[in-house]
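**Q** What follows is the residue order along each chain.
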Amino acid sequence: MAAGKELNPSDYIQHHLTFFRAPLGEGEFWTLNVDTVITSVLLGVMGLGLIWWVVRGATSGVPDRRQAFVELLIEFVDDQVKGIFHHGDRNRFIAPTALTVFVWVTLMNAMDFLPVDWVAGALGFIGLHEWRPVPTADINATFALSISVLLLSIYFAIAAKGFGGWVHEMFCAPFGANPLLWPANLLFNLVEYVSKTLSHAMRLFGNIYAGEILFFLLWLWAATGVAGSFFGFWFGLGWAIFHILIVLLQAYIFMMLTIVYISMAHEHH
Amino acid sequence: MSFNLTLLTQMLAFAAFILFTVKVVWPYLLRAIETRQKTIADGLAAAEQGRKSLEVSTRQSEETVRQGRERAAEVIAQAEKRAAQMIDEARTQAKEEGDREKTAARAEIEQQVARAKEALREQVATLAMAGAEKILRREVDAKTHADLLVRLKQELR
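Line order of the protein sequences matches chains A and B. The first sequence begins at 1 in my numbering and counts up by one. The second sequence begins at 1 in my numbering and counts up by one.
These are computed hints drawn from the structure, not numbers from a lab. Computed from a predicted structure; not experimentally measured. Just to be clear, a hint being listed does not mean it is correct.
Unchecked claim - BS3-like, lysine-lysine: derived pairs with alpha carbons at most 25 Å apart:
| # | chain 1 | residue 1 | chain 2 | residue 2 |
| --- | --- | --- | --- | --- |
| 1 | A | K161 | A | K196 |
| 2 | A | K82 | A | K196 |
| 3 | B | K117 | B | K153 |
| 4 | B | K38 | A | K82 |
| 5 | B | K153 | B | K134 |
| 6 | B | K117 | A | K82 |
Claimed, not checked - Label pairs and their in silico Cβ distance ranges:
| # | chain 1 | residue 1 | chain 2 | residue 2 | range |
| --- | --- | --- | --- | --- | --- |
| 7 | B | L12 | A | L73 | 16 to 26 Å |
| 8 | B | E48 | A | L73 | 47 to 57 Å |
| 9 | B | E34 | A | E267 | 25 to 35 Å |
| 10 | A | V194 | B | Q37 | 20 to 30 Å |
| 11 | B | L12 | A | T59 | 30 to 40 Å |
| 12 | B | S53 | A | G83 | 30 to 40 Å |
By construction, the Cβ of each residue, glycine as well, lies at the ideal position given by its N, Cα and C atoms.
Let's have the full structure, built from the sequences with the hints guiding it.
**A** Given below as C-alpha cells:
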C-alpha cells in the first residue's frame, strides 16, 4: 500500500494485483511483467543453485544433513518418475525436468507465505510501488510452464515415433484408422492437447491466485478494527497453514502431470 | 490478466533451468548416489560372503566336533573291551596258576605221605625184626632163621 492513500478495499486489492510492467514495444503483447520474471528467475536461481551447490560437494559416503535433505528431495522426485516413466533412461531428461518443475513451482508458490503488505512496504521503500511477488499467480508464468510441457510432449512424441508416426497417430488414434474417422481423431487429439495444457496451467494459477485473494481479504478484514484484527489474525494463520499444503500439493500435482504428459508422449497407440 | 511477452520470457527461463538441472545438477548427484549404491551393494555382497563362510566353518567345526566325539566314544569302548579282556585273562591265569599250585601241593603231599609211609614201614620192619630177634634169640638160631627173617623183612616192606 503506497503511503498517503486512503484505505479503500478495492484500491487495496487492485494495488496488490497490479503488475510491474515494462512496455517494450507497440501493442499489449509487447509488455513484460518485470516482477514475475525477476521474482521467478531469482527463485529458480536460488533454489536450483542451492541444490547445485549441495550436490557439487556430494559425497557417496555418509551424507551430512544438507546433502541428506537434497537427496531426500531428489529421491522423492525420482521415485515419482520411476513409477510413471518406463520408456528409457529417465536420468537423461525427464527426472531432472521433474525436479526443476517441482523446485521452481514450489518456490514460486511459496512466495504466497510472505505477508503481502510487508513485501509491498519494503519494495515501496525502494520506490517499487507495484510489485506482485507470487509468479504463479501470474497466468503468464503458469502457461509458460504448461506450454513448455506441451512442446516437450510433442517433441518426445515425434522423437519416439518419428514425425510420420506422430502424424499417423494424430489421425488414426484413438478411434481407428478408417479415413472417415480421421477428422474425429484429429479433433479429439487437438482437444486433448489443448485441454491438457489449459487445465495444467489453470489449475496451478487458480489455486495460487485464489489463495492470494483470500489473503488480501483477510488482511482487509484485519484493517477494520480490533475484532477484525483478531479474527483476521486467526483466520490468516489458519489459511497460511492450510496454504502450506496447497503450495506443496499444487507443485506436486504440476510435477506429476508434467511427468505423465511427457511419459504419455512416448507411448505408441 | 493478459498474455504478453512474459510468457515467452518465462518459457526461456524454464528451458534454461531445465538445461541447468539436466546438464549440471543431476549428473553430480547421480554419480554420488550410484557410487553409494555400489558401495552398499559391495558391502552387502561382502556380508553375504562372510555369512556363507561362517556357515561353512560352522559346519566344518561341527563335523570336527562330531568326529572327535565319535573317536572318543570308540576309544572308550575299546578301552572298556580291553579292560574286560584283561580282567578275564587275569582271572583265567590266576585260576590256572591256582590249579597248578594245587596240583603241585597235592603231589608234594602224596610224596610226603609216601615217604612217611616208607619210613614208617621201615621202622615197623625194624621194630618187628628187633622184636622177632629178641624172641628168636633165645629159641632159634639166628643163622637158621635168617632166611625167614629176611623174607619177613621183605614182606613188611
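**Q** Hint by hint, work out which the structure violates, then give me just those numbers in ascending order.
**A** The structure breaks hints 6, 8 and 10; every other hint is satisfied.
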